[in-house]
Structure formats: structure tokens, C-alpha cells
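**Student:** Given next are the chains, with one letter for each unit.
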Amino acid sequence: MDNTEFWIYLLLMAGSTYLVRVIPFVLVKKKIENRFIKSFLTYIPYAVLAAMTIPSALFATRYVWSAAIGLLVALILGLKGKSLTVVAVAACAAVFLAELIPMAF
Amino acid sequence: MNNFKRGLKAGIPIGLGYLSVSFTFGIMAVSTGFSWWQAVVISMTTLTSAGQFSGIKTMLIPGQYAEMLISQFTINIRYSFMSISLSQKLAPQFKSLSRWLLGFFITDEIFAVASTEKEVTRSYFGGLAVAPWFGWTLGTLSGALLGEVLPEQVMSALSLAIYGMFVAIITPEMKKSRPIVVVVIIAVALSCAFTYIPGLKEVSGGLAISICAIAAAGIGAALFPVKE
Numbered sequence: 001m002d003n004t005e006f007w008i009y010l011l012l013m014a015g016s017t018y019l020v021r022v023i024p025f026v027l028v029k030k031k032i033e034n035r036f037i038k039s040f041l042t043y044i045p046y047a048v049l050a051a052m053t054i055p056s057a058l059f060a061t062r063y064v065w066s067a068a069i070g071l072l073v074a075l076i077l078g079l080k081g082k083s084l085t086v087v088a089v090a091a092c093a094a095v096f097l098a099e100l101i102p103m104a105f
Numbered sequence: 001m002n003n004f005k006r007g008l009k010a011g012i013p014i015g016l017g018y019l020s021v022s023f024t025f026g027i028m029a030v031s032t033g034f035s036w037w038q039a040v041v042i043s044m045t046t047l048t049s050a051g052q053f054s055g056i057k058t059m060l061i062p063g064q065y066a067e068m069l070i071s072q073f074t075i076n077i078r079y080s081f082m083s084i085s086l087s088q089k090l091a092p093q094f095k096s097l098s099r100w101l102l103g104f105f106i107t108d109e110i111f112a113v114a115s116t117e118k119e120v121t122r123s124y125f126g127g128l129a130v131a132p133w134f135g136w137t138l139g140t141l142s143g144a145l146l147g148e149v150l151p152e153q154v155m156s157a158l159s160l161a162i163y164g165m166f167v168a169i170i171t172p173e174m175k176k177s178r179p180i181v182v183v184v185i186i187a188v189a190l191s192c193a194f195t196y197i198p199g200l201k202e203v204s205g206g207l208a209i210s211i212c213a214i215a216a217a218g219i220g221a222a223l224f225p226v227k228e
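Chains as they are written, first to last, in the working numbering: chain A, 1 to 105; chain B, 1 to 228.
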């Protein structure tokens, strides 16, 4: 990819990402009273994260089963209320260790 | 402790989490043919996970400008909902100019942490953004420079970091709220449908995620309206 192409793409990617974030942030100044919209806004972050995680996470590592083990570890630690960092690092460690197992045979 | 410092502190775990995720991004960018500085510039100016991972794939093929805009818009439309949600909690001094400047830093995790505040002040939000931005940038730089020396196993393990972080954001809320459990289950079911069912699986990844999320949150809002 030549440099010009890179900068055009960067402008499109960074610019559109910025505007998607900032336009509603600047425009919405009033309190939203509608109960449905309020509820929708409460649930949207979790819906997004859940849809992004499953099933995509299962194909993120070298094997589906090692990803599944990593996710399980994340789920258990998450339920125990561990911090984002601890859960993320533990999930990676679990994948790493799990992928060592087949090599032992 | 003043608000800026409080925000700064709250941002540190996000920053650390971002190190590992952006490290993976740096590795991927360089291994697909970007130079290290391009990877770093992308992270500094875009500050998003899914969008960047998808973006560098699009960038490899010249001239796909419309494709880039559409995929970025659909992957990132969730930020609009987060912005609206956050706008409801901003302190009165958080005026237009600060919104233009600080709105750049709305990410899934920064949003999730800021949402736990009763009122979000400018200084708190500004402090909160510092560690994640530096973490994201430094992680990308390290991944881009060191990625090639890392064995395949380590890279495989690091790829799960971002998802581990997502799970860590969702699960505590699932414990507190049954409606969120239902919303999550619907979102996961739809997202699986968009991955495996012929016809549905032809829908591009980013758009599919937005459809799943909007449907799940919409059903949740209809079934379980939040208390006034």
C-alpha cells in the first residue's frame, strides 16, 4: 500500500469513528424521558459486547477448544468480580497453558 | 482526591488491559504488511478495537473507501448509543467544546467505567482517558516492534485478551441484573445465528453485530423497562 492510500484510509477510519462517537455526544443535551429509550440505552453496551464475544472469541486462538477454556476461565473470574486486567491476563494464561497440554503426549 | 486524579486511577486497569489487546493489534498490523509507525498512528487516532482490526483488513485492498466507511460505521454505531447514554450523566460544566474534545475517548471500557459514576465531570472523564490512550498506543508500538520475536503460542494466547476483558465487563452486571442476563443470551443467540445460518452469515461482521445488539437491547427494553 502506498503512503497516500494509507492516509486516505486512515482519515476515513479515524474520522468516521470520531464522528460516530462525538456527534451524539455534542447534540444530546437534554435528559431523555422516554422509558423505552432509557432502557434500551442501559442494555445496549452489554448486548454489543456479548454479540462481539460469542462466537468470535472461539476462533481467535489457534484452536476452538483452547479459546473455550480461556473463555470459561474469564467467565468464572468475571463472576467472582475480578478486575478487567486480572480477567484478561488469566484468560490469556489459560489459553497458553491449555495449548501446552497436547505437546505433553 | 480531586476528580482528575480519581479518573486517572480508575483508568489504569483499562490501560493495562489495552496493552495486551493493542499488542495483538500491533503484531497483526505488521504481519499483514503495515510498518510499525502506521500501526501506531492508527491506534493513536482511532482508539478502537474491533474497528481497527477490521479496518486494517480493508486497507490491504486498494480503493475500498465505501466499504471502509460502511464497515466502520456499522461496527462503531454502538459508540453513538454509548455517547447518548453518557450524555445523560454529564455534569453541567461539560459543555460543547469539552464534548468535541473528550468525545474522542469514548470506548467500550471507558464508557463502562464512566457509567458507574453518578455524575460525570470533565476532569474525571479527562483523567479516565489518559491511561487507556497511552496503553493503547504503547501496546501497539510494542506489538509492532516485538511481535515477530514472539512464538505462535504466545500470540494465540494474547488474542483472547480483548474477549477476556469483554467478559469481565459483562459478567458482574449479569450477576446484578436478570434483564441483562436475558439481553446477553438473546445477543449471543442472534450472533451465533449470523455466524452459522446460511443467508444470515453473508451479512458483514460489523453490521451483524449492530443488528444483534440493537435487537437484543430493544427486546430487553420492551420486556424489562428500567425503573424511573
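These aren't lab readings, by the way, just hints derived from the structure by calculation.
Careful, some of the hints might be misleading.
Distance windows between CB atoms, simulated [what the hints assert, rightly or not]:
#  : chain 1 : residue 1 : chain 2 : residue 2 : range
1  : A       : 4         : B       : 115       : 25 to 33 Å
2  : A       : 68        : B       : 60        : 45 to 53 Å
3  : A       : 34        : B       : 35        : 27 to 35 Å
4  : A       : 35        : B       : 37        : 27 to 35 Å
5  : B       : 227       : A       : 4         : 51 to 59 Å
6  : B       : 196       : A       : 34        : 18 to 26 Å
7  : A       : 33        : B       : 1         : 48 to 56 Å
8  : A       : 29        : B       : 1         : 34 to 42 Å
9  : B       : 172       : A       : 30        : 43 to 51 Å
10 : A       : 33        : B       : 115       : 14 to 22 Å
11 : B       : 204       : A       : 34        : 46 to 54 Å
12 : A       : 102       : B       : 97        : 51 to 59 Å
13 : B       : 222       : A       : 64        : 45 to 53 Å
14 : A       : 1         : B       : 115       : 48 to 56 Å
As a list, the in silico EDC-like pairs of lysine to aspartate or glutamate whose alpha-carbon atoms are at most 20 Å apart [what the hints assert, rightly or not]:
#  : chain 1 : residue 1 : chain 2 : residue 2
15 : A       : 80        : B       : 148
16 : B       : 57        : A       : 5
17 : A       : 30        : B       : 173
18 : A       : 29        : B       : 117
19 : A       : 31        : B       : 173
20 : B       : 227       : A       : 5
21 : A       : 82        : B       : 67
22 : B       : 9         : B       : 152
23 : A       : 29        : B       : 152
24 : B       : 118       : B       : 173
25 : B       : 95        : B       : 67
26 : B       : 57        : B       : 67
A virtual CB, placed ideally from N, CA and C, is assigned to each residue, including glycine.
**Student:** Could you tell me which of the numbered hints above are not met by this structure, giving the numbers in increasing order?
**Tutor:** Violated hints: 1, 2, 3, 4, 6, 7, 8, 9, 11, 13, 14, 15, 17, 19, 20, 21, 22, 23, 25; rest satisfied.
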